[in-house]
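Colleague: These protein sequence lines map, in sequence, to chains A and B. Reminder that position 620 of the first sequence reads as 619 in numbering that gives the first Met the number 0, one-by-one numbering, no gaps. Reminder that position 150 of the second sequence reads as 149 in numbering that gives the first Met the number 0, one-by-one numbering, no gaps.
Please note that a few of the clues may not be correct.
[Said to hold, decoys possible] Quick list of the computed label-pair ranges, beta carbon to beta carbon:
1) A:Leu-1 <-> B:Gly-76: 57 to 65 Å
2) B:Asp-30 <-> A:Glu-368: 35 to 43 Å
3) B:Ala-235 <-> A:Lys-31: 47 to 55 Å
4) A:Ser-209 <-> B:Glu-198: 30 to 38 Å
5) B:Lys-50 <-> A:Ser-209: 25 to 33 Å
6) B:Gly-76 <-> A:Glu-468: 52 to 60 Å
7) B:Ala-235 <-> A:Ser-25: 28 to 36 Å
8) A:Glu-508 <-> B:Ala-146: 49 to 57 Å
9) B:Gly-98 <-> A:Arg-520: 49 to 57 Å
10) B:Glu-2 <-> A:Glu-584: 50 to 58 Å
The set of hints was computed from the structure by calculation and includes no laboratory data. Ideal Cβ placement from N, Cα and C applies to all residues, glycine included.
Spelled out from the first residue to the last, the chains are:
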Amino acid sequence: MLDGKIPSGPLAEKWTRHKFEMKLVSPANKPKFTVLVVGTGLAGASAAASLSELGYKVKVFCLQDSPRRAHSIAAQGGINAAKNYPNDGDSVHRLFYDTIKGGDFRAREANVHRLAEVSQNIIDHCVAQGVPFAREYSGYLENRSFGGAQVSRTFYARGQTGQQLLLGAYGALMKEVARKNVDLYPRREMLDLIVAEGRAAGIVCRNMISGALETHLGDAVVLATGGYGNVYFLSTNAMSSNVTASWRAYKRGALLANPCFTQIHPTCIPVHGPHQSKLTLMSESLRNDGRVWVPRKKGDSRAPHAIPDAERAYFLEERYPAFGNLVPRDVASRAAKRVCDDGLGIAGGNAVYLDFRDALARCGRAVIEERYGNLFQMYEQIVGANPYETPMMIFPAVHYAMGGLWVDYNLMSNLPGLYVLGEANFSDHGANRLGASALMQGLADGYFILPYTIGDFLAGSGKANVTPEDAPARDALRDTQARLDRLVGLRGKRTVDELHRELGLLLWEHCGMARNAAGLRQALQRIPELREEFWINVNVTGSQGTFNQVLERAGRVADFIDLAELMCLDALERNESCGAHFREEHQTGDNEALRDDEHCCHVAAWAYGGPGEAPVMEKEPLTFESVHLAQRSYK
Amino acid sequence: MAEKTISITLRVWRQDGPQAEGRFASYHAKDIPADLSFLEMLDIVNAGLEKAGADPIAFEHDCREGICGSCGAVVNGHAHGPQRATTLCQLYMRHFNDGDVITIEPFRAKAFPLIKDLVVDRSAFDRIIQAGGYISVKTGTAPDAHAQLVPKPKAEQAMDAAACIGCGACVAACPNASASLFTAAKISQLCKLPQGDPERKRRVSAMIRQMDHEGFGSCSKHYECQAACPKEIKVANIATMNREFLRTLLPGE
Numbered sequence: 000m001l002d003g004k005i006p007s008g009p010l011a012e013k014w015t016r017h018k019f020e021m022k023l024v025s026p027a028n029k030p031k032f033t034v035l036v037v038g039t040g041l042a043g044a045s046a047a048a049s050l051s052e053l054g055y056k057v058k059v060f061c062l063q064d065s066p067r068r069a070h071s072i073a074a075q076g077g078i079n080a081a082k083n084y085p086n087d088g089d090s091v092h093r094l095f096y097d098t099i100k101g102g103d104f105r106a107r108e109a110n111v112h113r114l115a116e117v118s119q120n121i122i123d124h125c126v127a128q129g130v131p132f133a134r135e136y137s138g139y140l141e142n143r144s145f146g147g148a149q150v151s152r153t154f155y156a157r158g159q160t161g162q163q164l165l166l167g168a169y170g171a172l173m174k175e176v177a178r179k180n181v182d183l184y185p186r187r188e189m190l191d192l193i194v195a196e197g198r199a200a201g202i203v204c205r206n207m208i209s210g211a212l213e214t215h216l217g218d219a220v221v222l223a224t225g226g227y228g229n230v231y232f233l234s235t236n237a238m239s240s241n242v243t244a245s246w247r248a249y250k251r252g253a254l255l256a257n258p259c260f261t262q263i264h265p266t267c268i269p270v271h272g273p274h275q276s277k278l279t280l281m282s283e284s285l286r287n288d289g290r291v292w293v294p295r296k297k298g299d300s301r302a303p304h305a306i307p308d309a310e311r312a313y314f315l316e317e318r319y320p321a322f323g324n325l326v327p328r329d330v331a332s333r334a335a336k337r338v339c340d341d342g343l344g345i346a347g348g349n350a351v352y353l354d355f356r357d358a359l360a361r362c363g364r365a366v367i368e369e370r371y372g373n374l375f376q377m378y379e380q381i382v383g384a385n386p387y388e389t390p391m392m393i394f395p396a397v398h399y400a401m402g403g404l405w406v407d408y409n410l411m412s413n414l415p416g417l418y419v420l421g422e423a424n425f426s427d428h429g430a431n432r433l434g435a436s437a438l439m440q441g442l443a444d445g446y447f448i449l450p451y452t453i454g455d456f457l458a459g460s461g462k463a464n465v466t467p468e469d470a471p472a473r474d475a476l477r478d479t480q481a482r483l484d485r486l487v488g489l490r491g492k493r494t495v496d497e498l499h500r501e502l503g504l505l506l507w508e509h510c511g512m513a514r515n516a517a518g519l520r521q522a523l524q525r526i527p528e529l530r531e532e533f534w535i536n537v538n539v540t541g542s543q544g545t546f547n548q549v550l551e552r553a554g555r556v557a558d559f560i561d562l563a564e565l566m567c568l569d570a571l572e573r574n575e576s577c578g579a580h581f582r583e584e585h586q587t588g589d590n591e592a593l594r595d596d597e598h599c600c601h602v603a604a605w606a607y608g609g610p611g612e613a614p615v616m617e618k619e620p621l622t623f624e625s626v627h628l629a630q631r632s633y634k
Numbered sequence: 000m001a002e003k004t005i006s007i008t009l010r011v012w013r014q015d016g017p018q019a020e021g022r023f024a025s026y027h028a029k030d031i032p033a034d035l036s037f038l039e040m041l042d043i044v045n046a047g048l049e050k051a052g053a054d055p056i057a058f059e060h061d062c063r064e065g066i067c068g069s070c071g072a073v074v075n076g077h078a079h080g081p082q083r084a085t086t087l088c089q090l091y092m093r094h095f096n097d098g099d100v101i102t103i104e105p106f107r108a109k110a111f112p113l114i115k116d117l118v119v120d121r122s123a124f125d126r127i128i129q130a131g132g133y134i135s136v137k138t139g140t141a142p143d144a145h146a147q148l149v150p151k152p153k154a155e156q157a158m159d160a161a162a163c164i165g166c167g168a169c170v171a172a173c174p175n176a177s178a179s180l181f182t183a184a185k186i187s188q189l190c191k192l193p194q195g196d197p198e199r200k201r202r203v204s205a206m207i208r209q210m211d212h213e214g215f216g217s218c219s220k221h222y223e224c225q226a227a228c229p230k231e232i233k234v235a236n237i238a239t240m241n242r243e244f245l246r247t248l249l250p251g252e
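Taking the hints into account, I'd like the entire structure generated from these sequences.
Modeller: Dropping the structure here:
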């Protein structure tokens, strides 16, 4: 049985008590420790900057040309915090409860409570950094609402909140680089984890310009490498978002938890054709003012403005009157899928309207433009239609991975010395993440949790003392080289993207918004065939020793194929519906997700079984001390 | 309804590395759906090259939503192409015509050494930020967010400047390859906010010094940067930067 190392004591006191009980590293000793941070999104950049401020030596790695380009930059709508500035009844406990409930009771209670506790510090810190949050005319901060909450607790900077928070964290990181306490390694892709005597002690990465492999050693390794939504090929993730760092850690012994929990975001621009390379999100904040509807009549081909209100089905408002258009993402996505499956989608296809007609009439164009201007502009650029005049068309798309590497309460993996932050870990969102909570979690992990917990480990374990000549470092380098040799030797007939697209379609079909045992078994049969096809028939042009984007993609897709298999296995093993994991066999009379708390109230953490062997599932039971496990209702 | 498609000819700058000789190569892109993005069109051309065992065109891109600042090339003489306020990834083929010849070049500047084809090294921007493009607050020290109020117009102006994505189009568009707009945007954001005030003078001096040191040219008010900027950052920020710099020279300041 896996131990999450949750501190004892009442829920609201655990973190405070734990902070006191943890060991400290003295200021004089901190510079003797080196921490490697992989990834420079909100979690990685905030962690690297904060650790360096404390005095640790930090080496930071990213695959982009600059740390400022990590995919956190694309987050649009906002960041939650239990400030209760609007005086509308918010509290730490309410944010905690909304998040646990939003995750359909599949997250660890103590982690989520801590997240709600530190949420307030995040806003304070970011304001001090100069993040230009939206303000009222009084000069005070403004809030808006997000899905799954009946209070307004979301802070935002127009539709570019992720960008502004990331530039804040990037600025803090650059400050530490200038102080020469952080060494920055951009254009490096981590390709292996070095584990010495059971402890994570370094990484192997490829210099993406020269192609050279590099070994970097440290006393702890922090992975903040984001989510794996691109396993579906089409997603809202950036093109380079991938699972490779996590997957390499998994193959070196780190557990991967709840891989089948992937979030399908309800409001994205629909797929336009077979050559599409990615999907674009339209922020959830739009559901504050936009109303979601489809025509009541099948095959109604009238222009949207010609359809009178009585002939429109505002299906979220009708089905969920209490939360209306602001139900959580999994609920909204499934509802949109259902109306489209029933043939009510726009032009009979996969799209529903998100309509601002009423908000424009109520508030005027200037107000709507101030709230969402850049999103409307983005929509118009992509689709070629003006959302001020005609409703947006939207459809759900893959957006976020709730699953990820398993971590304990201290954010440490089962491999000592390996920490996992942000989207890359599994810890806080259960089976469904609420909007505006990813930014909160990434920054909580990096600014306010890891800087405390890593000291406890380093104080207790001391330095790793591994050299590049030691066997674990040499072996990791040799294995990485062998894998690259194998990849660059592939001279088949199919492009990397073709195979990736095929994998994505298969996974979307059988392990997407709805899953069932027969479909998952079918996918589990097909994926090994795809893997074989990849390792025989893919074409990798160029060589290792150059700037080679085909080789980069090939390595990532090879890992995605392996991950897809584990996702299907996990989805098959989880015999219930919860949050984003909707097993068609398990639903209530009115088609809502039906949990099985008796048999499935656990984290499924998978261990690599070795080459050709099946992975092994370990369970961490979830126990709830302060919340009652209820059937989620947003009606 | 049949999907509208166009066929075009690309003239693309190909260069294997910083020391290698560069040249234009021509490629025909046939029956490209007009609803594709410019980068998806390049994906199709590259898939063809890969199938033929040839080296695909190297170009940078990541979010494909116009916010990460990774992409960028000079298209028909315009940084990020001819559409106003648009990154290359948000440029769509519906803005081109059947039979067009499209010339694609990297962002060229001494301070942006070429890596391969359309990929350049923009790390000089990171070093300009390192010189002072931040507020030096340590984690854990901040007071309550409402301890210091910011008038809404100031917050809005700061946000306008903070929208910069660091793509480098301003440098590519400038006849002097100046990084003034990029540098000024950050200085302007931080000097508009009360939190940025204590480091105001040190910041502007250090960032301008670093900008010059990287080999970027000076601003001679062509305003091409503003025209090319995908986020419509205004040249008024450069005036703010100059004013902030002059303040540091005043006696008693």
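Colleague: Now tell me, hint by hint, if it's right for this structure.
Modeller: Okay, the hints, checked on the actual structure:
1. The given range of 57 to 65 Å is respected by Leu-1 (chain A) and Gly-76 (chain B), whose C-beta atoms sit roughly 60 Å from each other.
2. Checked against the given bound of 35 to 43 Å, the beta carbons of Asp-30 (chain B) and Glu-368 (chain A), roughly 38 Å apart, stay inside it.
3. A hinted range of 47 to 55 Å holds for the C-beta pair Ala-235 (chain B) and Lys-31 (chain A), which are about 49 Å apart.
4. Taking 30 to 38 Å as the suggested C-beta distance range, the pair Ser-209 (chain A) and Glu-198 (chain B) conforms, at roughly 37 Å.
5. Checked against the hint of 25 to 33 Å, the C-beta distance between Lys-50 (chain B) and Ser-209 (chain A) comes to roughly 27 Å, which is consistent with it.
6. Roughly 54 Å separates the CB atoms of Gly-76 (chain B) and Glu-468 (chain A), a value that falls within the hinted 52 to 60 Å.
7. Against the hinted window of 28 to 36 Å, the Cβ-Cβ separation of Ala-235 (chain B) and Ser-25 (chain A) comes to about 50 Å, which falls outside the hint.
8. Separated by about 53 Å at the C-beta atoms, Glu-508 (chain A) and Ala-146 (chain B) satisfy the suggested range of 49 to 57 Å.
9. One distance hint, 49 to 57 Å for the beta-carbon pair Gly-98 (chain B) and Arg-520 (chain A), holds here, with the actual separation near 51 Å.
10. The given range of 50 to 58 Å is broken by Glu-2 (chain B) and Glu-584 (chain A), whose C-beta atoms sit roughly 39 Å from each other.
Checked against the numbered hints listed earlier, the structure breaks hints 7 and 10; every other hint is satisfied.
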